[in-house]
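Novice: In case you want the letters, here they are:
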Amino acid sequence: MFKEQYIRDNDKLKAKEKLLMEIKEKNARERIALTPKQKFVRYGAVFAAFVLVAAGVFGVVNANKSTTAAPQNVTLSATADTSAVTQAQTYDDIYGLIESMQNTSGVTTGGVMMESGAVNGATAAAPAAADTKTTAAATTSTDTTVDYSGTNVQVKGVDEADIVKTDGNYIYYVAGNQLNILKPDGANTKLVSSTSLSSNDTWWGYNSEMFLLGNRLMVITQSFNTVWINDTNGGYQNNTDQTSAIIYDITNPAKPLQVVSLGQSGTYVSSRMVGDYVYLVTSQYIYSPVQGTPVTYIPTTTDGVETKLLAPTDLYIGSNPQSAAYTVIGSINLKSGANFTSAKAVFGGSSELYATADHLLLAFARNDQEVLPIAPDKDGKNVQITRSSSSTDLVLLGLAEGQITKLASGNVPGSLLNQFSMDEYKNVIRIVTTLNNWEQRIYTDGIDTYESDSSTANALYTLDLNLNIVGKIENLAKDESVKSVRFDGDIGYFVTFRQVDPLFAVDLSNAANPRILDTLKIPGFSEYLHVFKDNLLLGIGYNADDTTGQMQGVKLSMFDTSDKANVKEVTSTSVDASWTLVGSNHKAILVDAEKNLIAFPADSNYYIYRYTAKGFELAARVNMTADLSSWNLRGMFIGDYFYVLGDAGVTVISLSDFTVLTTVKFG
Amino acid sequence: MGGRERYLALMEQLAKPNVPIPADNVDALFAQYADTVYRLALLRTKSGTDADDIVQEVFLRAMRAKPVWNSPEHQKAWFIKVTINCTKSLLTSAWRRNTVPENENLMTEIQTTTEVYPYVLALPKKYRTVVHLYYYEGYQVSEIAKITGTAENTVKSHLFRARDMLREQLKGEFQDV
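Read top to bottom, the protein sequences are chains A and B. Counting with this note's numbering, you get residues 166 to 832 for the letters of the first sequence. Counting with this note's numbering, you get residues 347 to 523 for the letters of the second sequence.
Extracted from the complex, chain A is given alone in its bound form:
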């Protein structure tokens, strides 16, 4: 019996258990290399010597490479040729590219993103100067006279989606698969309606986010799109990750009406709203492309009825993409639209993004690895050296009334912390990065033995709108990593951390020659920086032990920046909490200097602080432990009242004496 014997034979062959450990280690290393924000590694003094040696070797090798350009490894030499730019004319070109990438995965060098077709010079209009001096109330027009707070955004005039929105008249809050609408009225605050999102659109159970414009509300959520593919066998289903943008007409808040549910392929990354247009950014990984079936490897949009492939001319391809993934950017007119205005995709990975009113800057993390052939080291021991280093590919897109055009591409060494690592001011793009270099040596004589070490340093780059580097400061804060960044016009601040918190103030008035003005060392570190008002910079982060670097709870700091060459910590306070979301989600904090409010969630409480001549004063501490997601609370003020929202309900606080007036539960 052939079949039975073949099964018996195969059953004797088993995958090694140790592979699982190796998979987990590799995955962890990729995550550290690609998203430094999630982890920070503290390096002991023991490693200092190693780091120096490694850095020296690196310099020599790089020099050799640039002169001889003859790597002994065939695979390397093939991919190191960055001048070979792939230009997509058809979907098959992209299929070929994805296939070819599988041959060179992990062994790639830095590249430039190129457009399919002629590359446009950067001829964009000068962007409006980004003013981040104060958190102004939302720019949304309203027919009420009360003032109210908007989402804490990075760039004034560029709205960011969040789980809560208000127009002053109603509060919209989305949690799980439910959209709750409240009528805010102090002690008489009432729940107006609770609407369930259709199960199709909340398949992943992800946290949704919203935009609000006039009488329309957009809920962005994670779902999937199923397309039936006909083939010679009668067809099959193809499922693609999809981000849904459900538009509601909220003219009658008691009964929101769904206008349309739009879909864009890929998992949700972020979004921005400029004027009437929402720009939706998703990341689509291609995991099993089928030749001749573009829907398996080309981004799509859907209006709920028809799924459309992006045209080849809407796909921008890098000459040397890092991974088989697209960043997809779709624009939707929220005021009156019922479909996508435009959709483009950049092939080469998923990205952080920064947006002004006219520009969208995409940053793609790269991790380039170089594997040298086994060769004797100076002691004659055979060793195989693998080196990896981080860099960031950049693509600048122009935004104009929903139209998306590619303007420029470039690359900077190092990886980004988050969107605040990027900024644009007076046509100059400024970027703060952390460089991680990693080297592994496998000694192959006898039983393989492994050694590895790594080094970290930080840098600041200024770039023109063609994304050419015009100025830089490198090798800052060795073996520390960036914890927070904030740009304020001609000045940039950033915080690195190992044991104490150096806050750097950088003069950027001459883009070609950025220079460090001041370095302030204080205990702990700030994870989020916010210009509170002129000459005052607010930092929220953690206390840390001076000697061990151990984190010790949430800390608020106020820095006096009136003398940029001598930044001082005026005052600080310890918040009675161990963790806050603010560092990883700036939308969780509300800072308003006029109302004198600094409000944020920490542990299971919501804190409202005021800043006076005596320093930080705790005005209210609301216990929200009843809330399932009490780590993700939001606060807002409307008129004389402050509202704290969680998935269980809203707590209303009087702004005159900070007493709790009422609590309204969601249905």
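Hints are computed from structural coordinates only; laboratory data are not their basis. Remember, predicted model here, so these are calculated numbers, not experimental data. Be aware that one or more of the hints could be misleading.
What the hints assert, rightly or not - BS3-like cross-link-like pairs, simulated, lysine-lysine; straight-line CA separation at most 25 Å:
#, chain 1, residue 1, chain 2, residue 2
1, B, 472, A, 191
2, A, 191, B, 412
3, A, 830, A, 348
Chain A is fixed; fit chain B onto it per the hints.
Specialist: Quick look at chain B alone, frame taken from chain A:
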């Protein structure tokens, strides 16, 4: 309780009918699919080292991509499909082959401990894959066509041709192939 058993116990907890294993549960995914991936990779690459690499790469892809699987069948088909894709690319990227010494013992050992396996291993690669998916994984011709992205008739002809070749080689009870 060894590592293997622990993962299998974990699997059992998760083994609800028609629910694929979540992409972030790599322990359970490994317990369920590592052997499937390894066996197909070994047959296609004829190298234990390469098969180990393929197992790593396939699971890393699952962890990176976090694909949406709508059923256990879809999940298994995904792993097989990605394994095939990975073995395709591995055959052309030879750096590791040049730098890592191949463990010859494994293939020799397999030759002595198995009965029909060496004959399947001797077939051309495209025939090996079809034979494996048909006889070991129990897929229908139409399903193999879908997974490998080839036309059903091509799969059929590969299978017939492979059977002919095996029948010529195999003796006695195994000639029922």
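Novice: Please go over all the hints and tell whether each is borne out by the structure.
Specialist: Structure-based check of each hint:
no., hint, in the structure
1, B:472 to A:191, "violated (31 Å)"
2, A:191 to B:412, "holds (16 Å)"
3, A:830 to A:348, "holds (13 Å)"
Consistency note: the structure conflicts with earlier hint 1 alone.
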